[in-house]
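Novice: Following my numbering, the numbering of the sequence shown begins with 33 at its first residue and continues without gaps.
I should point out that these hints are in silico values taken from the structure, not numbers from a laboratory.
Ideal Cβ placement from N, Cα and C applies to all residues, glycine included.
Among the clues, some could well be false.
[Said to hold, decoys possible] Below, simulated DMTMM-like cross-link-like pairs (lysine to aspartate or glutamate); rule was C-alpha separation at most 20 Å, straight line:
#1 K39 - E66
#2 K72 - E179
#3 K156 - E172
#4 K95 - D81
#5 K65 - E40
#6 K39 - D117
#7 K65 - E106
#8 K52 - D78
#9 K99 - D78
#10 K52 - D84
#11 K134 - D54
#12 K72 - D180
#13 K68 - E193
#14 K39 - E193
#15 K72 - D117
#16 K95 - E106
#17 K95 - E80
#18 K72 - E193
#19 K134 - D84
#20 K99 - E73
#21 K134 - E106
#22 K95 - D84
#23 K134 - E193
#24 K156 - E179
#25 K72 - E34
#26 K99 - E80
#27 K99 - D54
#28 K65 - E193
#29 K99 - D84
[Unchecked claim] Pairwise CB distance ranges (calculated):
#30 E172 - S105: 35 to 43 Å
#31 Y82 - A207: 36 to 44 Å
#32 E34 - R89: 39 to 47 Å
#33 A207 - K65: 19 to 27 Å
#34 V158 - T96: 37 to 45 Å
#35 Y82 - V158: 34 to 42 Å
#36 R164 - D142: 31 to 39 Å
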Amino acid sequence: METRIIKEYTVIDVETPNAKNDSICSIALLRVKEGKVVSKEYHLVDPEDYFDQFNVRLHGISKTMVKGSPSFSELWRRIGHHFNDGIIVAHNATFDLNVLAKSLRRSNLDVPDFRYVCTYRLSKAVNMGLRRHGLSYVCEYYGIGLEDHHNALCDAVACQEVFARINRSRPVTYADISVSSFSRG
């Protein structure tokens, strides 16, 4: 079992335009080295798809707002390296990584096997006594501000803080990494 503590990773969060969850209208990435955020990226993405009103109300992003933004395949050329050669951290990672994999397939791009850690699962594993482990509940437990829930950048920043708090109480090691099978469809 690998006991080295994870010190370098990329935190991600995605938002979707509709309930199909096979396209992305925004994505945030926080690059972390030695426990410090060294870069933050936030991108609006033209999903080349329709927007449900429910999703628009949830995250505030509309078709008009993404007009002129890069398509997912265009953006992937700039951000894909984060997923090919590093560890991904996300809250409810299976949602974000499934959406990412579906977006890649939709764009006829290869889906890598993601190496990831899920803060939703970690929050359950450390037994906080919470009945629900959604990001807002875990943030409330730790006293972490979540100013604009469902803004990808705000959620990624909050996820990073949750990961850091959990890591202090129970060091997260390479043994905690999952390898996705999202490439299999």
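Novice: All hints, please: hold or fail.
Specialist: Hints, one by one, checked against the model:
no.: 1; hint: K39 - E66; verdict: 5 Å, holds
no.: 2; hint: K72 - E179; verdict: 17 Å, holds
no.: 3; hint: K156 - E172; verdict: 15 Å, holds
no.: 4; hint: K95 - D81; verdict: 9 Å, holds
no.: 5; hint: K65 - E40; verdict: 4 Å, holds
no.: 6; hint: K39 - D117; verdict: 14 Å, holds
no.: 7; hint: K65 - E106; verdict: 26 Å, violated
no.: 8; hint: K52 - D78; verdict: 15 Å, holds
no.: 9; hint: K99 - D78; verdict: 7 Å, holds
no.: 10; hint: K52 - D84; verdict: 10 Å, holds
no.: 11; hint: K134 - D54; verdict: 5 Å, holds
no.: 12; hint: K72 - D180; verdict: 16 Å, holds
no.: 13; hint: K68 - E193; verdict: 10 Å, holds
no.: 14; hint: K39 - E193; verdict: 14 Å, holds
no.: 15; hint: K72 - D117; verdict: 18 Å, holds
no.: 16; hint: K95 - E106; verdict: 18 Å, holds
no.: 17; hint: K95 - E80; verdict: 9 Å, holds
no.: 18; hint: K72 - E193; verdict: 14 Å, holds
no.: 19; hint: K134 - D84; verdict: 18 Å, holds
no.: 20; hint: K99 - E73; verdict: 19 Å, holds
no.: 21; hint: K134 - E106; verdict: 16 Å, holds
no.: 22; hint: K95 - D84; verdict: 10 Å, holds
no.: 23; hint: K134 - E193; verdict: 27 Å, violated
no.: 24; hint: K156 - E179; verdict: 23 Å, violated
no.: 25; hint: K72 - E34; verdict: 29 Å, violated
no.: 26; hint: K99 - E80; verdict: 10 Å, holds
no.: 27; hint: K99 - D54; verdict: 19 Å, holds
no.: 28; hint: K65 - E193; verdict: 14 Å, holds
no.: 29; hint: K99 - D84; verdict: 16 Å, holds
no.: 30; hint: E172 - S105: 35 to 43 Å; verdict: 37 Å, holds
no.: 31; hint: Y82 - A207: 36 to 44 Å; verdict: 42 Å, holds
no.: 32; hint: E34 - R89: 39 to 47 Å; verdict: 43 Å, holds
no.: 33; hint: A207 - K65: 19 to 27 Å; verdict: 21 Å, holds
no.: 34; hint: V158 - T96: 37 to 45 Å; verdict: 42 Å, holds
no.: 35; hint: Y82 - V158: 34 to 42 Å; verdict: 40 Å, holds
no.: 36; hint: R164 - D142: 31 to 39 Å; verdict: 36 Å, holds
Of the hints listed earlier, those the structure fails to meet are numbers 7, 23, 24, 25, in rising order.
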